[in-house]
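Work out the full structure: start from the sequences and follow the hints.
There are 2 protein chains.
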Amino acid sequence: MKENYWEIIEKAVESVPAIKRTGLKAVELRERYAKLLMPLEGNINHVGMMYAGSLFALGEMTGGAIYCVSLDYTKFYPIVKEVHIKFIRPALTDVTTTVTMTPEEAKRLTRETLENGKADFDLKVELKDANDEVVTIVQGTYQLRPFN
Amino acid sequence: MKENYWEIIEKAVESVPAIKRTGLKAVELRERYAKLLMPLEGNINHVGMMYAGSLFALGEMTGGAIYCVSLDYTKFYPIVKEVHIKFIRPALTDVTTTVTMTPEEAKRLTRETLENGKADFDLKVELKDANDEVVTIVQGTYQLRPFN
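Line order of the protein sequences matches chains Y and B.
In terms of my numbering, the first sequence opens at residue 146 and continues consecutively.
In terms of my numbering, the second sequence opens at residue 146 and continues consecutively.
Keep in mind the hints are simulated off the structure, nothing from the lab.
The structure presented is a predicted model; accordingly, all values stated were derived computationally and were not measured.
Keep in mind that the hints are not guaranteed to be accurate.
Because identical chains cannot be distinguished in the list, a pair is counted as satisfied if it fits within a single copy or across any two copies.
[Claimed, not checked] No more than 30 angstroms apart at the CA atoms, straight line, and that leaves these computed lysine-lysine pairs for DSS-like: (1) Lys273 x Lys226; (2) Lys231 x Lys220; (3) Lys226 x Lys180; (4) Lys231 x Lys180; (5) Lys170 x Lys231; (6) Lys165 x Lys269; (7) Lys156 x Lys263; (8) Lys252 x Lys180; (9) Lys170 x Lys263; (10) Lys263 x Lys220; (11) Lys226 x Lys269.
Have a look at this one:
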C-alpha cells in the first residue's frame, strides 16, 4: 500500500461528522506512528476545561489513526469494543496524544484478520496538555475486520 | 430548590457546545429521574452505526442530568473522574438511556460535599436502541463539588 497518510486520516475524520465537528486533527504522521491534537476551542465544558467527550474522541481516535498508518485500509476496517478513560487533571490547553504500533503487531493483526475474520488489539495512550502534563489516560480495545 | 428541570438541563447542554452539537436532549425528567436521547442523525460513523463518541456523550451526560434533577445545582457542580464504556452491538437508531438516584444517595452526596468539599458517586447505565436492545453499557465515577 502507498502511504498517503494525511489524505487517509482526513478521510477518516470526514467520515464521522461528530469527530469532524470537534476540530480534531493529525499533527504528525508516519508509518506506524500518529500524533493527534484536540483544540481547546470549541471543546470547553461547563467549568472551563476541555469536555470529557472531546478527550474521549481524541483518545478513541488513536485506534482509527494507528490503523490508517499501520494496516491495509483497502482490505480492513476497525471498530471499537471497549474504552476505559481516566481523567487525571483539568485540560486547559489544546491536548495531544501519540500512538504507535510495532511491525510485529501489524503483521499479527493482518494475519489473524485474514485467517479468523477478525483480530483484537489494545492501545493505551496518554493525553497531554501544552505543558506536557498527562491530563487523561485512555485504554481501548479495538477489532480489525475485513471488508466483504 | 424549585424544579424547573427542563430549563436547567437545557442550560447544562448549552454550557458544553460539544454536547449541544450532538443533538443530545432530555425526553423525560422528574425528581431523581432522567431519560436522555441521542439522535442517530448527525452521529453516524464510518460504518453507518452511531459513533462511539456520541454514545459516550450520552452515557457520560447521565451524571450531569441526574445531578440536575437530584441535587442543589445552586450550591454544587459535578465533574467526571472515570468512565468505562463497552460497546455491545451496533446502534442503528436513536439511542436512549435512563438514570435514577435514590433520596438516600442524594442526601449522602449533599452531606459529604458540605463536610468534605467533595463526594464521589458511581452510575451504571444501559444505552438502548429503538428496539429496546442494549447497545452500550457505561459505568462512570463522578464527583460533586461545592461552588466557592
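Problem set entry | Hint check, failures only | none
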